[in-house]
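Let the sequences and hints guide you as you build the complete structure.
Taken in order, these protein sequences are the chains called S and U. Numbering-wise (our numbering), the first sequence opens with residue 1161 and increments by one. Numbering-wise (our numbering), the second sequence opens with residue 136 and increments by one.
No lab work stands behind these hints: they were computed from the structure. Heads up, the beta-carbon is just placed ideally off N, CA and C, and yes, glycines get one too. Hints may contain errors.
[Said to hold, decoys possible] Cross-link-like lysine to any residue pairs, in silico, SDA-like; alpha carbons within 25 angstroms at most: (1) S:Lys-1670 x U:Arg-373; (2) U:Lys-423 x U:Asp-329; (3) S:Lys-1670 x U:Ile-179; (4) U:Lys-332 x S:Tyr-1527; (5) S:Lys-1518 x U:Ile-179; (6) U:Lys-423 x S:Gln-1372; (7) U:Lys-423 x S:Lys-1215; (8) S:Lys-1215 x S:Lys-1256; (9) S:Lys-1518 x S:Gln-1372; (10) S:Lys-1464 x U:Thr-285.
[Claimed, not checked] Partner residues are not named here, just some residues of chain S that face chain U (Cβ under 7 angstroms, in silico): (11) Val-1237; (12) Arg-1619; (13) Ser-1653.
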Amino acid sequence: MAETKVKLNHIGNTFAMKNQYLLDRAQGKNIAKHPYLQCLADFESKEKRFLTELKTPRATDPLEEYSQRLEAARKQVAFYEPYVELSYDAELAYKKARVEVEQVPAILETYRQIRQEIEQVRSERKALPPEADQQARALMATELKALEQDIETQKMRINELYKQKRISSKALQNNMVKFKRQIKIAKENAELAVPSKALELKEKNLLYRLKQDPKKMEAFIQAEKNDLQQNIPVEIAQGAPWKSFLSIPIPGLGQILNGQYIKGLLMMLLAFFNYIIAIPYALGYGNYQGKGIGGLVNLAVGGKRLDKSLFFMIEGVIAIFLLIIALFIFWISFKDAYKVEKDKILGKRPNSWKITSKMILEEGFPYTVTLPSAIMIIFIVLVPIMTSLLLSMAGQDPQNQSKFGWVGLENYLALIKGSGLAGALFWRILVWTLIWTLGATTLSILVGFFLAILLNNERVKLKPLFRTIYILPWAIPGFISILLFSIMFSPDSYLTNVLSAITGQTILVKDSTFWTRLILIIMKTWLGSSYIFLLSLGVLQSIPGDLYEAADIDGATSWQKLTKITLPLVLFQTAPLLVGQYTFNFNDFTAIFLFNGGGPFNTSLYGNLAGSSDILISYIFKLTMNNNYQSIGAAIAIIISFGLMAFAYIGFSRSKAFREIK
Amino acid sequence: MMETKKTKVKAEKIYLSDKPPLSTGGMVLLALSYGILIAWAVFILWPIIQMFLSAFNENQYQYLTSGVELKFGTKHFKHLFEETNYLIWIRNTLFISLSTVLLTLLFVSFTGYAYSRFRFKGKKMSLMGIMLVQTIPSFVGIAAYFAMHTIIQQFIPGFNKHMMLIMIYSAGGIAGNTFILKGYLDSIPTDLDDAAKIDGCSNMQTYRLIIMPIVKPMLAIIALWSFIGPFLDFLLPRVLLTRSEDLTVSAGLFTLINDLRTINQPAFAAGGLLIMVPIAALFIILQKQLVSGLASGAVKG
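Below you can see the structure in the form of structure tokens.
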């Protein structure tokens, strides 16, 4: 860092240097025993003595404390005044003391005054004759009675008006409320007029002010001191920053060397987290079974008999996240200390803790309040996702349950090629999943929209009844209706018999691939159209009628009105939700699994791993929970996730709301 | 008065309406509309009515069969309360739901406020990040949840599977609900909080005194959705919970249909009815608010 002849403060104003030694050095003169340095050392030793002498036992009475403070401040002003031209440190101390000298008397005075008033009120309360209250009460009671009588007559008048039907029941009600309030207010006022009550309230008020008024004035003093701290530069002999680099091994050390002690100590707490939790865990200490990040290398393969690769994997992922957090702490601590140190060399005085804490509360607010959520998301949402990502590249299958190694992209290749027991089914199931998603969702949308248009016809009566019935499938918990259908399609149950009556032959829905799939799509339409109906009806009702009137005048047919006005408006407003319906159905585990457990089970086509109505998500469930093909399951889950993410990204990055975020 | 006039007019057979009189074709179309509307209503109501009837029909045994004469009684409810763990399931679900609501509100009210009212480094990035993470469904982690629970239990004794479920539900809801709340808060001008700031309120005070009362309606909707979530979810309890007395209501009712030892379909109908009625009533009463909450989150992003 090049040495300069001026110093900057936080606002960017330049100041002449007071330190003659540094000034000479900057000008290229090198004087071995600079007289200025001796003056400074002299000042510093005197200051040290002065400050130890200044220390007095803390007063217990606030009044005494304020006068002590004032006294100390006066002494400081007197002590620092001759040195103001010597150094900026002395100037700061001098000016801070001056602020105290100017402002503390006002606090002292306020405090004393309020206290006096309290004493006065208390003595007044004591001197109050006991009959004064009663007299006041009696007086008030007669006044209250008069008021009540007055209101009573008004009430009668209003009632009379109501009986003659000259005012509405609402007006009657409002008037009654008004009367009640009048009496209440009068009663409260009467209570205040009682001398003892009034004095009691006054005392309470004064006691509150005794606490709050000095606080407010203190805040002013603090604000002025903060200004001084940021306005008066600092001079140090240091040329290039080095202290902040100590924050890299020990967060907080650089801050302490910069003179920011409390901030430094707090940073050190974070250092504790780094050195006691994060780094040891990453190295494998304190793990449940795993070996930290190192455990990810060969995942317990060749390890102890009871070691499980899955644990090694999860703990490895946790260790990685902990390490990332630790590195982040190191980085933040260094960056902060480095900035402060560099500024200090330029002349900007480091902030006091009072300023720093205020900044943390103001500017750091969004970070502090979102921190718990971030931690939750990292450890409860991201860790399982990362584990699945890693698992999809490992070989957990029925033969290698507790110990398995890395296999790279083999699982994905098996899925793409359709090879292996589990991979062979992938494409077949994917095709049905797509048919199911497109069929069930599109049908739901069509039916729901169609019903909404039918019901929006102004000539149709009993709208609320139809509306309530139509939203029932949406309102009833999905798993109940699905299980209900499942039961009703068992042999000899309701819907099986209905179906037989219609087709004229006994059909066992759950034993036939075709019928199971067909009924699933119909059932999903039963369930899903309800929500679409609700959405579209809301949009339809909000379309202004003049659009249609204008169309009528222009001679549009009903079909044209539907396709040119209604459809575009409804689609435009519900599009994101409709897309959501497709992704929801793609992943609708409940419908598939609860209706027929993914069956019927056609072993010649599907083997033992899936049934013919299984969709990808229920296939993942079976692979993971029942058949021990966790890795293949994870690979499918990851493929689905990337698909969904791409889908969401396109829709999301185009949304207006997101582009507006600055 | 208006009505008497109308009837009079009707009596004189004069057509009085804003709408043009219906042509024959229109009549047919209207009749057709009514036909379709009524048919669909029957289609929706029929299974639900059958469920009601079988829950109260004492002539139904273990498996529901059609064509059984109705003998009204509460046998199946008795079976549900005395022979199964129904009440325990309800209690478990309530515990999980309420805790999820509390945690979600705690997290989301802060994050929504921060993302709506503050500018800070990394805002856009993190918003995009959580949005993408949020699109990954929770089933992706099913292979890890069980093992994760074992690991957490090692460090926090007493951390049971219900707590794991609560964590998964509330952490999973943070992203989406933050968006909903942010969208809602964005639509409210900042004048009120600016005024509070000028009057000397700190961020925390502004949050407590100004923001909280404003977002209460939206928080109520978020609370409602998070409350209902555990009642409706079937996958995660199925993955994590094994013992009958740990189950939530959805996984528990499934055992009344699926598990050969405990199968009793009319009891399922009875148990389903008991939770269906309050939830359906809630949805019907609050339909507008529930849909608007979803819509505002989706449209405003």
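>> Need the list of violated hint numbers for this structure, in ascending order.
In response: 2, 5, 6, 7 and 11
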